[in-house]
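Protein chains: 2
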Amino acid sequence: MKPVIGSVSLLFYFVKSCRASGADIALDAKATLLHRIDSLNLLIYTCLLTLTVLTIWVFKHRRVSWLHETGLAVIYGLIVGAIIRYAGSTNQVTYLDAHPEPNAKYNLSVPPDIVRFHFPDKIQISSGEIPVPNKTYAYSFRGEIVNLEQNEIDLKATFDPEIFFNIILPPIIFHAGYCLKRKYFFRNLGAILTFAMVGTALSALVIGSLMYGCVQLMPASLAASFTFLDTLYFGALISPTDPLTVLAIFSQLKVDVNLYAMIFGESVLNDAVALVLSGAIQNYEKRYSTDGGFEITAFLAAIGDFIGIFSLSLLVGAFIGCLTALISKFTHVRDWPLLESALFVLMSYAAFLIAEVCELTGVVAVLFCGICQAHYTYNNLSSDSRNRTKQLFELLNFLAENFIFTYIGVSMFTFPKHHFDPWFIIAGFLTSTLGRAINIYPLSFLLNLGRKPPIPMNFQHMLFFSGLRGAMSFALAIRNTVSEARQAMLTTTSLVVIATVVLQGGAASHALAYLRIPTGQGQSDESEALPYRDVRSLYQATDTGRPPAEISFGLQNMDSTHSPSSDRASDTPRGSGDGGGEKARLARLWGAIDSKLLKPLLTHARPPLTETLPAFLRPLARLLTTTRQYTQGDNGLRRTDSDSDLCIDEPQPVPTTIDPQQLWPGLVDTRISVEGITGSNI
Amino acid sequence: MKPVIGSVSLLFYFVKSCRASGADIALDAKATLLHRIDSLNLLIYTCLLTLTVLTIWVFKHRRVSWLHETGLAVIYGLIVGAIIRYAGSTNQVTYLDAHPEPNAKYNLSVPPDIVRFHFPDKIQISSGEIPVPNKTYAYSFRGEIVNLEQNEIDLKATFDPEIFFNIILPPIIFHAGYCLKRKYFFRNLGAILTFAMVGTALSALVIGSLMYGCVQLMPASLAASFTFLDTLYFGALISPTDPLTVLAIFSQLKVDVNLYAMIFGESVLNDAVALVLSGAIQNYEKRYSTDGGFEITAFLAAIGDFIGIFSLSLLVGAFIGCLTALISKFTHVRDWPLLESALFVLMSYAAFLIAEVCELTGVVAVLFCGICQAHYTYNNLSSDSRNRTKQLFELLNFLAENFIFTYIGVSMFTFPKHHFDPWFIIAGFLTSTLGRAINIYPLSFLLNLGRKPPIPMNFQHMLFFSGLRGAMSFALAIRNTVSEARQAMLTTTSLVVIATVVLQGGAASHALAYLRIPTGQGQSDESEALPYRDVRSLYQATDTGRPPAEISFGLQNMDSTHSPSSDRASDTPRGSGDGGGEKARLARLWGAIDSKLLKPLLTHARPPLTETLPAFLRPLARLLTTTRQYTQGDNGLRRTDSDSDLCIDEPQPVPTTIDPQQLWPGLVDTRISVEGITGSNI
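As given, the protein sequences belong to chains L and P, one line each in that order.
122 is the number of the first residue of the first sequence in the working numbering; add one for each residue after it.
122 is the number of the first residue of the second sequence in the working numbering; add one for each residue after it.
Just so you know, these hints were derived from the structure itself, not from any lab.
Be careful, since some hints might not be right.
Repeated chains share a single entry, so a pair holds when one copy, or any two copies, can fit it.
Below, a list of computed lysine-lysine pairs in the DSSO-like style, where the Cα atoms sit at most 27 Å apart [to be verified]:
1) K538 with K151
2) K407 with K151
3) K538 with K717
4) K538 with K407
5) K538 with K181
6) K181 with K511
7) K511 with K573
Model, not experiment: these values are computed from the prediction.
Next up, chain L with everything else stripped away, as it sits in the complex:
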């Protein structure tokens, strides 16, 4: 391993000069060398991922459960990182100091983009090398050098941190949105939003305050370098939990769907929340950085920032998702699945880019774009495109996830800007655990006050236990490592991520057993398939196609105006926690808008707009209704059905046959409605 100029990138920046001379040939050889080193770096990660894939297979084959695949990726990364660090040669990046031309005029307040560096003949060449000729070279701006002594920015096998936000995270987050089990997501929306929004903010605040307190007790040198905003930023970046590990185990063990939905929904949303939150903190910091104290107007502006950016990003994503749905509904592009898939991918990527261009958060836009794509567009796609997009994003997600965890391992040793401070690390571990506890237990208590089937205590413990930290925390921490405080944060975050992923991830299945959360392991595939047939015959028996009243509890008034066929599609009971009147009313309103306006407008679902819209809008409604919507029978219905649980049946079916009654008495219908969907998904 040789060092790499600046940061290794996927794009192998180098410029080849063609007119050959002594220096040119040397330059060319150097460019070739750099290209080879870049390729070698990528090759190392590719081999590490290959190794991880093979080991995952061995583990799955031998049913090893004490270590999960992401933990494995981290451990491999650590090993290879150590090898690179201690065995690698120390070929340094070369430096030269330069000054502007004495008489240069310059009318900008920022440093120039390009420096034209004149290489004079008179420069002292130490030994018998070929002299550098009198030439001019272009140098492009990279950043400020804060610490002139620390000149060995010797980046080995490291990437530009922005890669995470622009290349690695978007497919992961999109896939999460695309795979969100919307039925259970909406049913537990209250709890999920509370944990993700309120909980994350609370956790960030608590961790930030406690860390600030801890830092004040530490040696003065460190204490001086942390402001309250720094520790608050640390709180924001360490708060989001990672869905990967625990959920993979959950779906293997077929845990209760509501618990699954809560953990998945929370961890997807709190990534988005934490990203926007940390952006707001940084904006605040930029504006009022003098002492780190609070200023009320700026604080309010930061909150406004947070709400504005989050909701605008959401809107951008949702808009693009709906636009894709409209295009796929009203054109016959589905006759050419390749074009359709390409359109789907391009539009989803456009959501990310549009948000970035508008200075919003692309990752948040991509999340909600994914949710809309799954909720609406997926219904319009040809079956070929459904498979293709599902499998494409599944693969991208897998590779991106494992890459990021491998990278966390490698960078522990190779990233030059680590700062190990034992006190800060210990404090970080303690406060992040405490922050998770403060997120879960008090909020669960409050939620249970208004929630009809309360969240049982063992579920709360599991929610607490599944607070692994992952990709988003790491990406936020490595984004900015200018100051010593930030470097200490990166180190602590890396360690917290590694420890939680390896230890908690490995222990998750044992925790499930210890907490006596029933898993569906014992049930066979036959028993899964059967109840579905029962349900369907039940539907057919009632003849309206609607589930009997005792099954569709709580939402009868909303359903009452619906045509039979749409009920199964979108209105199977949702919002189990509708004890709070206001929230339930909101959920009902949204459900009504969704099934009466959005679904008929954006998909081929029935009832068509001609039935749901008021009479004076009929001409418009007729325009927006496809012939397929009028004519489709049971076939079209089944098609619409399948959107609700897109990814439920892979890699191994998600819990469908646990009897939830013994566990969570209010949810009699859970099993039945899941079956109703997984069955039609095949």
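Given the coordinates of chain L, work out where chain P should sit on it, guided by the hints.
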């Protein structure tokens, strides 16, 4: 559109500074602006691609045939490029001249990687701006500035040329290899290799010589800037043909499979040949650049370079492909299709990276890796992985292709280093046409001397006509634009690509009709499906599973030792042009090795190694044979069968039901064997 520092990349290089001050905030705002501009550039291309996809759909829907999708992408690119160029603001990249510190010591013969640029207070600020503080910034090396006056390197919506070789071309080339219809490829191997290897070299030499002659007749200013090596390089880069457009039309119109195979095989291979050839010319140029004259030893070294790099790259790719086959055969990773697909993608990418690390040509490695993956690994994959990898690379290929053609259009206006020289452009068009003619007609004549079913004249015309230039030519031309000569080459190449893709691509279907090359449009799907059943019953009637002797012409001696089941798998007749004894013997040898050693070793195909290897190697053979290989019946056979024509049935089935006898008398068996494969592929 605002200009972009250096080159816009997918990775959005920018460094955020955190400690806020006046200049820092300005710097931060600038970084944000640059990020937004980068995102905007990507968004422009994303929107262009989306537009292209939608227009392709409209064209397919309305059955427009006078313009093909790649032509469309180019035209959209041209329009948007013009808009960007003439409507964009002219926000300039800022420059400053710099000199090294007076007493700096420096002991390298190349310029340093990083320049630490000290910003003094005393720098003259023109107007009432915030003064630049006394800070140090890092600047990284970008390249030599040749022309100090030409300081407006104002790159709008342009990417680093290396992106093409490292991001865009690999999936295109891999997909080509993965989709190569190996049966017809091997049958026409002689013609394909002749056209691709000899033809491309001949064409490069002829174009190079003619261009050199033309340049000498031109105004002295231009003539002086071209050496013979320059024009030879131009010959090498303009010689490779692009498979995309013509082949898409061919597969729509169901043209004769042998013509299809020849054009596809040639254009895939000549991309690889041209890439290595141009590399060899550049290496030669680097070594002996004084006068551009020839020197025998260097010339031989260049030929050695060419052969060595080509064959080593081939070996690397083939080795990785076989390694993947072995892993997928001997592990049960196919039980987890996601892992399997990830492994497949990672190994294929590793082939590219390994070749690049070894200073070979990654694109060539990836091509042969793709061929091996399709020939061996594909047989071992689970059906889920087959679909997934096929669809993944199909989508990547589609996006990459359309991106590159859109980019060719946009860069005509936005790339700053174009040099329009009418004489050079005219000469380029004439010589490239002539070069293609010299490739096809004399070589066809020579081939026909030893080829039993000769290549008919209308096929030769079609081969000539399908010499569109495409992605590889453009990528090679834009790689190096340092000198005026190279810039003139880029302009000419871009224009040749645009003209051939738009005009020839659009006229291809008319050319087919004019040349009376029969297309299979009239035949319905029923008539396609029927003959297959006939063939199968024919196979079953002979009871051994082997085709009757008159069908498997020419290869009886090779087949004689085979077990019945492997015949259909790999030994359906191959090498129709086996008039030349040597070539036929080589083809037979390869066929024997492939079916007796490689296929049984690398896949689950029968006969197992225990039957094909000599007795003293039995223990080893038993080790390398899976139980599935022993036990599989007809099912396993059909599985093996399907590898031969991986992509034949998409997007619309490739010619299978033309009666070749009326057209090409020697190929009675063509139809039958194709049916035997497409049928089992479903």
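Evaluation of the provided hints:
1. K538 with K151: This pair counts as both: shortest intra-copy Cα distance 26 Å, inter-copy 24 Å.
2. K407 with K151: between (39 Å within a copy, 14 Å between copies)
3. K538 with K717: Close neither inside one copy (55 Å) nor across copies (56 Å); limit 27 Å.
4. K538 with K407: within (22 Å within a copy, 39 Å between copies)
5. K538 with K181: neither (36 Å within a copy, 55 Å between copies)
6. K181 with K511: both (22 Å within a copy, 25 Å between copies)
7. K511 with K573: neither (35 Å within a copy, 49 Å between copies)
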